[in-house]
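2 protein chains.
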Amino acid sequence: MGEPNEGGVTLRALQRTIEAMYGAKDAARGDAATFLWLTEEFGELATALRSGSQEELALEMADVLAWLATLANIRGIDLEDAVNRKYGLGCPGCGKSPCTCDPAEKP
Amino acid sequence: MGEPNEGGVTLRALQRTIEAMYGAKDAARGDAATFLWLTEEFGELATALRSGSQEELALEMADVLAWLATLANIRGIDLEDAVNRKYGLGCPGCGKSPCTCDPAEKP
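So the sequence lines, in the order shown, correspond to chains A and B.
Residue numbering for the first sequence follows full-length UniProt numbering, starting at 1 and increasing by one per position.
Residue numbering for the second sequence follows full-length UniProt numbering, starting at 1 and increasing by one per position.
Where hints are given, some of them may not hold.
Pairs involving identical chains hold if they fit within one copy or between any two copies, as the list cannot separate such chains.
[Claimed, not checked] Computed cross-link-like contacts, PhoX-like style, restricted to lysine-lysine with a CA-CA straight-line distance of at most 20 Å: (1) Lys25 x Lys86; (2) Lys96 x Lys86; (3) Lys86 x Lys106; (4) Lys106 x Lys96.
Think of the hints as simulated: they come from the structure by calculation, not from any bench.
All values reported here derive from a predicted model rather than from experimental measurement.
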């Protein structure tokens with residue numbers, strides 16, 4: 001899934017940015033309290049999806065990403081490695097891209 | 001936030017990978033039904049955070065990322081642009097990195 005690029009925001013860069021910005025506060029808060037914040041943002045995402053503008057929706061998605069990066073930082077998870085392991089070789093269910101799983105089933 | 005890299009997973013690459021893998025199914029399902037799947041994964045993330053192994057936690061984070069990318073694809077949102085707009089110039093609250101906002105306040 002990786003590719004050479006000139007300036008794209010990698011998952012690793014996102015984690016580093018969030019670490020620099022919030023790392024001390026995040027470590028002090030811990031994972032359970034962080035999950036509360038992530039959940040609050042997730043709720044705001046639902047609102048924006050239901051009735052927000054494109055810009056509001058985009059910014060709520062950015063917030064969910066940022067808080068997910070925060071949680072990954074606190075728990076020592078590398079999001080790029082995780083995504084590569086789960087999705088790097090095709091759909092985790094059928095192994096293909098495009099996926100050929102039954103749409104009713106969870107991939 | 002962007003930086004030159006050799007093979008990192010950018011948010012744009014993630015969206016493209018998910019689009020190739022699931023785009024047709026995602027478009028057919030639509031945003032509300034997709035949000036149900038995202039929510040299911042979010043619940044699994046809570047479980048993994050509470051009692052899972054590091055590997056389980058990493059894979060659930062990957063799933064949340066994948067379903068968020070799916071939702072962004074369906075709604076025509078570019079996650080990189082969104083993240084750059086919200087967090088590209090420092091904390092959205094105080095403008096700094098490290099952030100100097102009151103920890104009790106939402107950034």
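Checked hints:
For a Cα distance limit of 20 Å, the shortest separation of Lys25 from Lys86 across copies, 19 Å, qualifies, whereas the shortest one inside one copy, 30 Å, does not. Taking CA atoms no more than 20 Å apart as the test, Lys96 paired with Lys86 passes inside one copy only; the shortest distance there is 13 Å, against 34 Å between copies. Proximity of Lys86 and Lys106 under a CA criterion of 20 Å is satisfied intra-copy only: 14 Å inside one chain copy versus 32 Å between copies. Taking CA atoms no more than 20 Å apart as the test, Lys106 paired with Lys96 passes inside one copy only; the shortest distance there is 14 Å, against 41 Å between copies.
Violation of the numbered hints given earlier is absent; every hint is satisfied by the structure.
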